[in-house]
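Heads up: the sequence shown begins at -10 in our numbering, then just goes up one per residue.
In short, the hints are calculated from the structure, not lab data.
Heads up, some of the hints might be wrong.
[Stated by the list, open to error] The calculated label-pair distances, taken between Cβ atoms and stated as ranges, are:
no., residue 1, residue 2, range
1, N89, E62, 19 to 29 Å
2, N39, Q(-2), 26 to 36 Å
3, V84, T31, 34 to 44 Å
4, A45, T(-3), 36 to 46 Å
5, N89, T31, 40 to 50 Å
6, V26, P83, 21 to 31 Å
7, A45, Q79, 23 to 33 Å
8, A10, L59, 10 to 20 Å
9, Q38, D66, 34 to 44 Å
10, N89, S(-9), 18 to 28 Å
Keep in mind it's a predicted model, so treat the numbers as computed, not measured.
All C-beta atoms, glycine included, are put in the ideal place defined by N, C-alpha and C.
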Amino acid sequence: MSAVNIQTQIPNSITTLEQLAAWVVLCLCRVNPTDSVLESDTIRELIAQNGIFRAADGTDRLFLRLSLELDPEFKTDSRKLWMSVKEISQAQIPVAYTTN
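Work out the full structure, taking the sequences as your base and the hints as a guide.
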């Protein structure tokens, strides 16, 4: 799994859920750049994706996408859904992602 130490590896400059979401997806994109899943018979997608685009209103926006495998027991398990997410890899978080 891509283990994380919440106290020491998440930069303390992150103060919002939006910043945390961006950090998580960007980090997963960095450590799993080629991992993909066959989402339908003919469509293979990267598990973690990101990009920057300009919206119709002229604002720049960060696009984030994750496809995370769930433990089959999630349907009957009483745990929170995020606790049923399976690890993508054994990749380590790059040091550059742990500093402000």
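Now for the hints, and whether the structure bears them out:
| no. | hint | in the structure |
| --- | --- | --- |
| 1 | N89 x E62: 19 to 29 Å | 38 Å, violated |
| 2 | N39 x Q(-2): 26 to 36 Å | 19 Å, violated |
| 3 | V84 x T31: 34 to 44 Å | 39 Å, holds |
| 4 | A45 x T(-3): 36 to 46 Å | 41 Å, holds |
| 5 | N89 x T31: 40 to 50 Å | 43 Å, holds |
| 6 | V26 x P83: 21 to 31 Å | 23 Å, holds |
| 7 | A45 x Q79: 23 to 33 Å | 41 Å, violated |
| 8 | A10 x L59: 10 to 20 Å | 19 Å, holds |
| 9 | Q38 x D66: 34 to 44 Å | 28 Å, violated |
| 10 | N89 x S(-9): 18 to 28 Å | 20 Å, holds |
Hint check: violations occur at hints 1, 2, 7 and 9; the rest are consistent with the structure.
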